[in-house]
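*Asks:* If you read the sequences in order, they're chains F and Z. Per my numbering, residue 55 is the first one in the first sequence, and the count goes up by one each step. Per my numbering, residue 55 is the first one in the second sequence, and the count goes up by one each step.
A few of these clues could be false.
Intra- or inter-copy, both count: the list cannot distinguish identical chains.
What the hints assert, rightly or not - Derived PhoX-like pairs (lysine-lysine); straight-line CA-CA distance at most 20 Å: (1) 125 to 174; (2) 166 to 125; (3) 71 to 174; (4) 167 to 68; (5) 166 to 57; (6) 166 to 58; (7) 148 to 71; (8) 174 to 148; (9) 174 to 68; (10) 125 to 58; (11) 148 to 167.
These are calculated hints, taken from the structure and not from any lab test.
There are 2 protein chains.
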Amino acid sequence: MIKKISHIAVVVPKLDKAMGFWVEALGLELSHVEYVEDQGVDVAFLPAGESDIELLRPVDETSGVARYLEKRGPGMHHICFEVDDIEAMLARLKAHNILLINEEPTIGTGGKKIAFIHPKGTGGVLVELYELTTGEPARRRERLIAMRQRLTEGRRIYATGVRAFFSGLRYGRNGDE
Amino acid sequence: MIKKISHIAVVVPKLDKAMGFWVEALGLELSHVEYVEDQGVDVAFLPAGESDIELLRPVDETSGVARYLEKRGPGMHHICFEVDDIEAMLARLKAHNILLINEEPTIGTGGKKIAFIHPKGTGGVLVELYELTTGEPARRRERLIAMRQRLTEGRRIYATGVRAFFSGLRYGRNGDE
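Start from the sequences and build out the full structure, keeping to the hints where you can.
*Replies:* Structure below.
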């Protein structure tokens, strides 16, 4: 029922600084970035094989991710598995009396279904389950095209690279979007 | 240069209890288990797509993993990336002034080359790099065959399942190996 590790989420205080390690030094590529309003975070996806490293940068200081960062410091936040049938997986976990954060899937951006398993149910790991819906790949492609346009349209942004792009994105969001 | 996420390591106090979540409830399969003497840990591999969840159970109470467990509690410990050329990757990281735990690769079991990047160099994540050598797949196959024989040879072990097998492995190692 588990297809793969979808992503490993890593909490970072600043996206531009994090890019200095994950992209510039380690050599991963940035495929996708967005602001997830209901979680109050900027999210950047860096593919590694069939999975992603997902960088989470809290924007809203009252968000769960911001509280996590304050309490535990930067580092790994959760593992997300892609499953083929999230309802069946949740039923299976309930049958094993595993403590869930979401008893039913919630609908995320793009219509994808997600649910979290409580760390108390897994032995200390926050686990996300994720069922990809048909709309998600198209939505990501659109976002990527938009991001690439932003990266290449402004000569200044293009010239100063990814770090500066993120600095600009951070401070310029309200003006740009 | 990064081929994929090789594994996500999770520290657990007891392997048999951890199997209750990862195998019995979540439905992952156990592919491989071994005692890694120089790290003082039992290691169990549970494939998820092209990657593994690697459960680490400290045996030696003075090991780094045991100290981690005492300090931070059970949970995610490190991310390991498979790379095609570990020496080239380490040279690249040094060129970016990333703090390394191993400046040169160390040779692990089966001849594989491994090196750790310090969490201070990555923004809070312990990152392992791993270059698969030709001997490793054959070594794993041999280990798996031996484990399966142990799982199926004893009627008692077969009848009482994976959890009991691990309890037995834990207490019976010195007698068995």
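*Asks:* None of the hints should be skipped; say for each whether it holds.
*Replies:* Results for each hint:
no. : hint       : result
1   : 125 to 174 : both (17 Å within a copy, 17 Å between copies)
2   : 166 to 125 : neither (29 Å within a copy, 37 Å between copies)
3   : 71 to 174  : between (32 Å within a copy, 13 Å between copies)
4   : 167 to 68  : neither (28 Å within a copy, 32 Å between copies)
5   : 166 to 57  : within (15 Å within a copy, 27 Å between copies)
6   : 166 to 58  : within (16 Å within a copy, 24 Å between copies)
7   : 148 to 71  : between (40 Å within a copy, 17 Å between copies)
8   : 174 to 148 : within (14 Å within a copy, 39 Å between copies)
9   : 174 to 68  : between (29 Å within a copy, 15 Å between copies)
10  : 125 to 58  : neither (30 Å within a copy, 30 Å between copies)
11  : 148 to 167 : within (17 Å within a copy, 41 Å between copies)
Comparing the model with each earlier hint shows violations of hints 2, 4 and 10; every other hint is respected.
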